[in-house]
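Protein chains in written order, with this note's numbering: chain A, 1 to 342; chain F, 1 to 324.
Do not rely on the hints blindly, as some may be mistaken.
Dumping the calculated BS3-like pairs for lysine-lysine here, alpha-carbon to alpha-carbon at most 25 Å [stated by the list, open to error]: (1) A:K233 with F:K16; (2) F:K305 with A:K232; (3) F:K16 with F:K243; (4) F:K16 with A:K232.
Rough simulated footprint, nothing fancy, chain A against chain F, three-plus residues with beta-carbon under 8 Å [as the list claims (entries may be wrong)]: (5) 29 to 41; (6) 55 to 63; (7) 101 to 108; (8) 118 to 125; (9) 220 to 232.
It is worth saying that the hints were derived from the structure and are not from the lab. For each residue, glycine too, the CB sits at the ideal point set by N, CA and C.
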Amino acid sequence: MGILKFLAKRLVFSVFVLLGLSILIFLISRVLPGDPVRMALGPRAPEWAVQQLREQMHLDKPLPVQYYYWLSGALRGDLGQSLFTRRAVIDDIKEFLPATMELALFAGVIMAVFGILFGAIAGRYSNTWIDNVVRIFSYIGVVTPSFVFAILFLLLFGYLLGWFPTAGRLSPWIQRPPVITGMVTVDSLITGNWAALGDALWHMVLPAVALALGGMAQEARITRATISDNLKKDYIASAKGFGVPERLVMLKYLLKPSLIPTVSILGLDFASLLGNAFLVELIFNWPGFSRYGINAMLRKDLNAIAAVVMVLGVVFVTVNILVDLVVAWLDPRIRLGAERGK
Amino acid sequence: MGDVLLDIRDLYVEFKVYEGKLKVLNGVFLSVREGQRVGLVGEAGCGKTTTMKCVLRILPSPPGRITEGEILFRGEDILQMPPRKVQLIRGRRISMIFQDPTAALNPVFTIGDQLMTVIRYGSRNSLPKKEIRQRAIKALQEVQLPDPERILASYPIQLSGGMRQRVCIAMALSTEPELLIADEPTTNLDVTIQDQVLRLLNALVERRNTSVIFITHSLGVVREMADWVYVMYAGNIIEGGPKEELFREPLHPYTRGLMRAVPKLTGGGIAEGVPGRIPDYLDPPSGCRFHPRCEHAMPRCSQEKPPFLPVTGEHRVACFLYQG
Numbered sequence: 001m002g003i004l005k006f007l008a009k010r011l012v013f014s015v016f017v018l019l020g021l022s023i024l025i026f027l028i029s030r031v032l033p034g035d036p037v038r039m040a041l042g043p044r045a046p047e048w049a050v051q052q053l054r055e056q057m058h059l060d061k062p063l064p065v066q067y068y069y070w071l072s073g074a075l076r077g078d079l080g081q082s083l084f085t086r087r088a089v090i091d092d093i094k095e096f097l098p099a100t101m102e103l104a105l106f107a108g109v110i111m112a113v114f115g116i117l118f119g120a121i122a123g124r125y126s127n128t129w130i131d132n133v134v135r136i137f138s139y140i141g142v143v144t145p146s147f148v149f150a151i152l153f154l155l156l157f158g159y160l161l162g163w164f165p166t167a168g169r170l171s172p173w174i175q176r177p178p179v180i181t182g183m184v185t186v187d188s189l190i191t192g193n194w195a196a197l198g199d200a201l202w203h204m205v206l207p208a209v210a211l212a213l214g215g216m217a218q219e220a221r222i223t224r225a226t227i228s229d230n231l232k233k234d235y236i237a238s239a240k241g242f243g244v245p246e247r248l249v250m251l252k253y254l255l256k257p258s259l260i261p262t263v264s265i266l267g268l269d270f271a272s273l274l275g276n277a278f279l280v281e282l283i284f285n286w287p288g289f290s291r292y293g294i295n296a297m298l299r300k301d302l303n304a305i306a307a308v309v310m311v312l313g314v315v316f317v318t319v320n321i322l323v324d325l326v327v328a329w330l331d332p333r334i335r336l337g338a339e340r341g342k
Numbered sequence: 001m002g003d004v005l006l007d008i009r010d011l012y013v014e015f016k017v018y019e020g021k022l023k024v025l026n027g028v029f030l031s032v033r034e035g036q037r038v039g040l041v042g043e044a045g046c047g048k049t050t051t052m053k054c055v056l057r058i059l060p061s062p063p064g065r066i067t068e069g070e071i072l073f074r075g076e077d078i079l080q081m082p083p084r085k086v087q088l089i090r091g092r093r094i095s096m097i098f099q100d101p102t103a104a105l106n107p108v109f110t111i112g113d114q115l116m117t118v119i120r121y122g123s124r125n126s127l128p129k130k131e132i133r134q135r136a137i138k139a140l141q142e143v144q145l146p147d148p149e150r151i152l153a154s155y156p157i158q159l160s161g162g163m164r165q166r167v168c169i170a171m172a173l174s175t176e177p178e179l180l181i182a183d184e185p186t187t188n189l190d191v192t193i194q195d196q197v198l199r200l201l202n203a204l205v206e207r208r209n210t211s212v213i214f215i216t217h218s219l220g221v222v223r224e225m226a227d228w229v230y231v232m233y234a235g236n237i238i239e240g241g242p243k244e245e246l247f248r249e250p251l252h253p254y255t256r257g258l259m260r261a262v263p264k265l266t267g268g269g270i271a272e273g274v275p276g277r278i279p280d281y282l283d284p285p286s287g288c289r290f291h292p293r294c295e296h297a298m299p300r301c302s303q304e305k306p307p308f309l310p311v312t313g314e315h316r317v318a319c320f321l322y323q324g
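With these hints in hand, go ahead and build the complete structure from the sequences.
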């Protein structure tokens, strides 16, 4: 009951966030210098053609009217046409988004699992050599942008050692699974195409790890700090003093309260994965959404820009709601506060 | 009095900090007999809790380290036991109530989860789930908590401070230990319920004839709860003996100061107290750690550490005033 109410409240709130975001991106993309129609048609296009396309896209109308057209379209699921691909933006998104989501999900899992694992080990054995190793690597991970890792991995494991493929999502000799979700790993899993599954995972290792390292280092640092802090708490001494086995104390009574700050940060880090994905996608020639988005911005492809930003906004809002739910599940203090309507 | 249950002999503990080593315990002697209720008195920071954490081997380490000494429980040294054996003593034979019940209860698990885990690992033979639950309910009833079923399903934040401490008492007694260590169990409670909780605890241990170490900084509490008293100062036990004797004739200058510090209802004026404060553990005073604050200090006091020796009968003191 309390959780449902909490969820409903967050959803209503999210609608306003997304509405605000849409107004903002709509204005910014139109205020920027440069004529999108002229850019799309090229300098030699006749004036009447430019005028015609402008009318077709309602660009000759005042801004509020333009926004009204855009919003009413968007609510029907029509995000307009791209000025460059000359296709419905929604189709472009359907094509490019799954590739990025797949990459980001794998990177997110790597980030969460290994970040928490390394952080927990470092925190449990704080100020020993293993802690120092984790801490040094996390510093490096936090300060290094993911494209640097991407280039290093590409050179080292791709070219020099040749352990991993350097580009794309599948090897050319592998039979592609039919497009169901658009995520190659999921599609090949559904159709039982094990060769494609293995090949897709093999292609994903380098870009996903390169993308995950920054967030992973962040999670490790936060988990380490909370674990080593909570290790000194009386409730841990008390549980041990009552003869509860060490392993149970560590894996249950220490880990659960220590995960709360990490999970809160995890949501933010996952959202920033999508932003960081651009250069990584470029380096590994990954036909993803971030690349599509950057190109849209460079070409001032108005509808595509708005759509990309809105999709990212929806992902961001969804991830944050999920994180809040997980935190509420972990922490009764928050859950009970929410139930009391605070 | 019965056999010696716990015997702490010459215990030294250091804490490693950035600036160096804190020499916190400086040769602690303390013993508890079967059925005895021992009061351990001393200022905040004198090492009472540290000593007790050593008994259960739950001193956070690092930074803490036991450098010397023995802790004999029924003649066996807890400090030399393999972890598996210590595990069998914790909870089952010795259990501890912490000073702050809010800190001692895990905030993200229900009372039921925590209490039932304690009962499960504190019983000698493995019990079925239903039996564990029944024992948990009985334990909560014994500490006079209303509606035990609801409390089992509650999280610590849903209870008041007094209720939380009753839960901790229930946990500590649920396993029927031979020795209960109660570390200032009422200090963090409202004054109005301190007395209630004390009386409850007293009644429960009396009924079971559990041996108790009662840590406090209040002489009033000791007078009410204990039949034997140890006084601690800066990591040393400086005086110990039967309660009546110690209150009638305190020997150590520090104990006498403590007694003078108790405010009286009649007579007026502010109580005297002991001038100065607990020394720095990084660089503690040489010899007797109390000598810089002592009005009877002699040259010898800063050179040698006074041994803890009997003066009359079982009344022991660590002071050169009483040692030729």
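Structure-based check of all given hints:
1. A:K233 with F:K16: holds (18 Å)
2. F:K305 with A:K232: Roughly 32 Å between the alpha carbons, so the hint for K305 of chain F and K232 of chain A is violated.
3. F:K16 with F:K243: Violated. K16 of chain F to K243 of chain F sits at ~36 Å, over the 25 Å cutoff.
4. F:K16 with A:K232: Within the cut-off at roughly 14 Å; holds.
5. 29 to 41: As far as the stretch 29 to 41 of chain F goes, the hint is violated, because 0 residues have Cβ atoms under 8 Å from chain A.
6. 55 to 63: holds (count 4)
7. 101 to 108: That given contact holds, which follows from 6 residues of the stretch 101 to 108 of chain F lying within Cβ reach (below 8 Å) of chain A.
8. 118 to 125: Our answer is that it holds, as 3 residues pass the Cβ test (under 8 Å) against chain A, meeting three.
9. 220 to 232: violated (count 0)
Hints 2, 3, 5, 9 from the earlier list are contradicted by this structure; the remaining hints agree with it.
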